[in-house]
Amino acid sequence: MGLLAALLVYFSLRALGVRPELALVGGVCFALVGAICLWELLILSELLSLFFLTLGIWFFLCCMRAVSNSTGFASMALLSAVCFSFAILTRPENLVFFLALTLVLVVLAVRCSYLPGMQRAARSLAKAALLLGVSTAPLVLCWMSWNLVSFGQFRINTLNGLTATESTYNMFNLVDSEDQLVGKILWRSYLLKNGDGHIYRDHVWFAWGDLYTAWQLGLLPIPPPRVHRPENVLVINAHNWLDRQLGINDNLIQGVDLYDYLGHVSWKLAKKHPSLYLHNVLYNFATDTFDYSHPPPSPSETEGSPRSRGRERRSSQTSLRAHRLDQSLGGAVAHSRLRSAPGICSVQSVGAAEPGT
Amino acid sequence: MLLAYVLFSPLVLLSREHEHLLRDGAVAALAMGAFATILCCCVFNAYYTKEGIPFMGVLVICVVFAVSNSKRIVQFCGPLNSKGESDTRF
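As you go down the protein sequences, you meet chains D and X in turn. Per this note's numbering, the first sequence starts with residue 144, numbered consecutively. Per this note's numbering, the second sequence starts with residue 90, numbered consecutively.
Hints should not be assumed to be uniformly reliable.
Distance ranges between label pairs, derived from CB positions [what the hints assert, rightly or not]:
1) D:Q323 to X:P99: 41 to 51 Å
2) D:V376 to X:V156: 55 to 65 Å
3) D:V376 to X:P99: 39 to 49 Å
4) X:L103 to D:K415: 15 to 25 Å
5) D:W348 to X:H107: 24 to 34 Å
6) X:F97 to D:K415: 31 to 41 Å
7) D:Q323 to X:L103: 45 to 55 Å
8) D:N212 to X:F97: 23 to 33 Å
What the simulated footprint calls covered on chain D by chain X, stretch by stretch (three residues with Cβ under 8 Å from a Cβ of chain X suffice, anywhere in the stretch; the number is not a length) [said to hold, decoys possible]:
9) 154–166
10) 237–244
11) 253–262
12) 297–308
Treat the hints as calculated values from the structure; they're not laboratory data. Every residue gets a Cβ at the ideal spot worked out from N, C-alpha and C, and that includes glycine.
Could you build the full structure based on these sequences and the hints that come with them?
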């Protein structure tokens, strides 16, 4: 897919009127980007998203060339929209890319309408923007409708609540009193995973077991987990088939309420402490968006290798840190209900952690 | 590079030059789309380096297009540097 994307970059540059030799250099440079080569080996959403975006961009640039040459552009706009809708389904943040692109196209159409001799191009651009919007919507709306019949929520992404914790990853000692348990669990995972100058924003995954158990025990201010199952037989059969194909289990579907609650806690923190939140956002933008180094594959992809054995050693060191942290936080004072629950030892000790430590 | 395109895109869109307006506008649209997505990642979640991979194509297109049109960029920057004002050409 990376190689196909390199070809598409070449064709996109040609569609922009770039000289063939320079376009070739661009395509070769793209193919030699280390991150593309590395992620080509991993079957994940990034490369798939790159492919669909690049294909959509090529069709979009062909559409713009057709508008410029006053020839038929509708088919190119439609193909571009289909590619963008697949890119949005692959990674939902591409919706922002598509909306910004369409908005600039509309602005360009408005601008052209004020220029002498460009009225025809202005009308074509407005039509292209409309075609892009109308043709991208059906596939995305189908997915949102599927989510509606599956678990009753008309939305494109169910994980956004969970990922919202990443922008407030170091603020969970400041939560309100009603969210204290979540705050303590996440503050503990923050302390465990961050240190020695290393920033680990998605420590929520490390705390997920404790969060889910606390939720199952009814200790969080949200309704306990429930199975969202549709009543229609056809939908149930289709759902079961898709679950089998995608390897989705019930926990993933049931977790949406907890994801949303975590997102709610994070946004409350962001509103309550805007300067800290903005500092996190700006620091993330200033450091990571200019960083083109890519970490090696995760342990699951290199199972059995010397590197993964090294990770296992680091994992045992983290466990030791967790034990020491539990002791320092005062594990003796624990929530009584949590203490009685089997297999939730880490939450027991977290219950004693004081916010602001 | 994306930031430069985003900052200069108003000048591109306000340009009176017909010949290159659509091509410049298309590249500015791609750059703005990629930049807006990256910014939204920072604001609503957190940006990780792997999230930039889908936009590598946009980045390469923007760089090569800028190199390809370097003469026009120099022409644009020339009056800007000498007179302190732009003639709105890109």
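We went through each hint and held it up to the structure:
no.: 1; hint: D:Q323 to X:P99: 41 to 51 Å; result: holds (48 Å)
no.: 2; hint: D:V376 to X:V156: 55 to 65 Å; result: holds (60 Å)
no.: 3; hint: D:V376 to X:P99: 39 to 49 Å; result: violated (56 Å)
no.: 4; hint: X:L103 to D:K415: 15 to 25 Å; result: violated (41 Å)
no.: 5; hint: D:W348 to X:H107: 24 to 34 Å; result: violated (53 Å)
no.: 6; hint: X:F97 to D:K415: 31 to 41 Å; result: holds (37 Å)
no.: 7; hint: D:Q323 to X:L103: 45 to 55 Å; result: holds (53 Å)
no.: 8; hint: D:N212 to X:F97: 23 to 33 Å; result: holds (26 Å)
no.: 9; hint: 154–166; result: holds (count 8)
no.: 10; hint: 237–244; result: holds (count 7)
no.: 11; hint: 253–262; result: holds (count 5)
no.: 12; hint: 297–308; result: holds (count 3)
The structure fails hints 3, 4 and 5 (numbered hints given earlier, in ascending order).
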